[in-house]
Amino acid sequence: MDAAESLRLAVRSIRGHKLRAALTALGIVIGIAAVITFVTLGASVKAEVVGQFDDSPANRVFLVATPSDDGGPPAALSQPVFTEHDVSRIGEIEGVDRVVPRGTIATSALTHGGETVARDQVTATTPALFESVTFREGDAFADAGSGAACPAEMVVTPSAAALFPGNLSVGDQVSITQRGNRTRNVTVVGVLGDDAGLNPLAGFGSQPRFYLPTCAYDTVVTSPTTGTRQNVFPQVTVVAANPGDTAAVQDRVQDYLEAESDATQLAPGSYEVSARTNEDIVERIENVVDRLTQFVTGIAVISLLVGAIGIANIMLVSVRERTKEIGIMKAVGATNRDVLQLFLVEALLLGVGGALLGVPIGVAGGWVAVTYAELPLTLPLVWVGAAIGIGLVVGVVSGLYPAWSAARVDPIDALRYE
Amino acid sequence: MTGDVASAEQPAVELDAVSRTYTRGEPVYALDDVSLTLARGSYTAVMGPSGSGKSTLLNLVGCLDTPTAGTVSVAGEDVTALSAGQRARVRGQEVGFVFQTFNLMPRLTAEENAALPLVFQGAARAERTERARDLLDRVGLGDRTDHRPSELSGGQRQRVAIARALVTDPAIVLADEPTGNVDTETGERIMALLDDLHAAGNTILLVTHQRSIADRAERIVRLRDGEIEGIDAVDPTGAA
Ligand SMILES: Nc1ncnc2c1ncn2[C@@H]1O[C@H](COP(=O)(O)OP(=O)(O)OP(=O)(O)O)[C@@H](O)[C@H]1O
Ligand SMILES: [Mg+2]
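For the record, the sequence lines run as chains E and S.
Quick note: the first sequence uses full-length UniProt numbering, first residue 1, plus one each step.
Quick note: the second sequence uses full-length UniProt numbering, first residue 1, plus one each step.
Since the hints were derived computationally from the structure, they do not count as laboratory data.
For every residue, glycine included, the Cβ atom is placed at its ideal position computed from N, Cα and C.
Incorrect hints may have been included.
Unchecked claim - Sample of chain E residues with no beta-carbon within 12 Å of chain S, all distances over it, derived: (1) SER13; (2) PHE130; (3) ASP251; (4) THR297; (5) GLY327; (6) ILE328; (7) ASN336; (8) ASP338; (9) VAL339; (10) THR378; (11) LEU379; (12) ALA407; (13) ARG408; (14) LEU415.
To be verified - Derived Cβ-Cβ restraints for the label pairs, each shown as a range: (15) S:ASP146 - E:LEU26: 41 to 49 Å; (16) E:ARG408 - S:ASP78: 20 to 28 Å; (17) E:VAL368 - S:ALA124: 45 to 53 Å.
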């Protein structure tokens with residue numbers, strides 16, 4: 001019997017039990033849809049996060065203090081261990097152009113022109129952060145050099161400016177309510193050109209951000225080296241003077257951190273102070289996202305498995321129900337192989353049909369999830385192709401035993417079967 | 001049929017000391033040491049009371065069943081020694097089987113049912129359709145090709161089953177009470193068809209309860225309790 005004919009007969013028998021076939025395929029539809037949804041979400045998260053790091057120049061070395069088990073949480077959880085002493089010492093290392101510390105100031109709200117916006121933090125940093133960054137309007141705040149009064153100035157990202165009606169612009173007065181109800185009045189001196197790329201360590205890009213000079217920063221510690229009270233930062237970005245030297249600078253900074261830094265002495269026992277380049281971080285984040293994706297996809301695969309068992313179950317029932325038909329086919333010359341082929345094709349059709357239906361539903365699900373998470377959609381096309389392959393395999397594997405048992409039916413017994 | 005001289009001499013069907021025993025508690029001897037030869041082109045009727053082993057005999061010749069003892073040869077080939085695949089080929093090509101209980105595929109139309117054996121022979125669609133239509137015409141069902149078995153009367157179903165048995169143009173036709181479920185007119189039509197097949201040189205083995213039907217054959221095998229009670233030659237002048 002040729003394949004086209006078994007396909008025709010299989011379609012025939014599926015049509016004969018439309019509802020049952022639909023319910024059977026539903027298991028595969030849901031399984032494939034779930035897998036594609038999660039894989040799409042994972043791929044989109046990865047593309048977005050990794051994209052941000054790819055945006056930032058190759059001459060950066062990021063210093064973080066993170067839990068030491070490999071591939072731990074992203075750098076956003078970094079501990080404040082880098083003292084001002086560390087920052088200035090690192091600035092003296094050969095090949096380093098500038099060092100940009102970054103810390104967070106806990107806040108409760110920002111008020112401008114009668115409008116109050118709830119915010120739980122603003123970022124403290126040095127003007128060095130804004131070198132080689134374009135401003136839509138205004139400029140960086142002044143350097144809070146030692147001795148000089150702390151400039152009451154603030155730089156905002158476009159999305160931060162947009163939080164207030166009519167957009168914040170240069171010269172606007174903003175009143176910041178810090179934790180403990182202290183109020184700080186600042187003037188907006190600059191609005192950045194775009195949201196992306198400035199702060200890759202802190203998570204997703206387009207979050208609104210407000211930047212204050214480091215003199216407004218209030219997380220302090222006694223430097224073990226100098227014995228004085230100093231600001232201490234959770235994140236430090238080291239910019240190499242020459243992108244080709246980034247690796248060498250990374251090594252030297254790492255050496256300093258290990259040998260004599262305040263950071264290593266301040267880091268809690270289970271934390272590791274490290275200097276990482278873009279590549280390192282991209283790799284780590286990819287690992288974390290991959291592992292998460294694998295985990296959730298694994299759960300989805302279980303539902304695929306349930307779908308496969310559903311097909312096997314229905315096919316077994318179907319073989320039993322059609323024992324007489326099998327007997328008739330054998331009586332008029334069908335070989336065991338013909339019967340096997342017929343039932344396999346039927347299982348295969350259910351599997352592939354389910355997969356074909358599952359793909360658009362999964363893509364739609366992925367799109368909804370990604371839209372909800374406000375990420376750009378990245379479609380893992382390989383998986384869309386793979387889904388159809390999986391449907392095929394699931395169909396064959398789950399149909400194998402039922403088809404085999406159908407092929408073995410003894411014609412004379414089958415003809416007597418009522 | 002393969003046409004070399006040696007095979008032309010061979011009988012179409014030969015049963016040699018065939019027994020078919022069912023052991024379900026008390027053993028049932030459905031067939032007990034039966035030897036029977038059907039010459040090529042012969043027309044044989046089998047008669048006997050219900051349960052005497054008539055269907056069992058046909059099933060053995062039709063390769064649907066295997067004997068517990070003895071050998072069954074079809075076209076000179078010992079079918080008891082064949083593999084499952086080879087037996088499927090004998091069922092599909094050498095013999096045409098008309099069942100006592102029709103055994104049609106419920107979801108297929110009359111035409112598809114009649115064409116089914118050709119599907120497993122790998123025949124092209126157009127050829128299958130043509131053959132099936134031709135045979136349905138011959139059994140008087142040319143206007144029912146698109147009906148499913150459930151939309152046909154008992155006699156019509158029987159005729160679809162006959163069309164299916166003949167669609168591969170088998171050398172041996174096995175018919176288990178083909179007129180058992182039809183009115184006399186349809187029965188006559190079916191018998192005329194068997195007469196035609198006989199005239200065309202096919203070997204026919206027919207089970208019937210009616211003496212008048214059996215008399216159209218060349219000889220009558222009388223079965224009782226799984227054994228051959230006697231074989232009567234039919235007087236052709238008396239049968240006419
Ligand atoms: N699967 C089976 N298990 C046990 N006994 C069986 C089986 N099939 C048939 N038999 C027995 O074998 C004997 C012969 O059966 P068979 O069907 O050949 O009779 P038959 O002559 O065709 O009868 P009928 O005229 O009623 O069709 C019967 O006694 C029957 O009970
Ligand atoms: Mg019978």
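Which numbered hints fail: Violated: hints 1, 5, 6, 7, 8, 9, 12, 13, 14 and 15.
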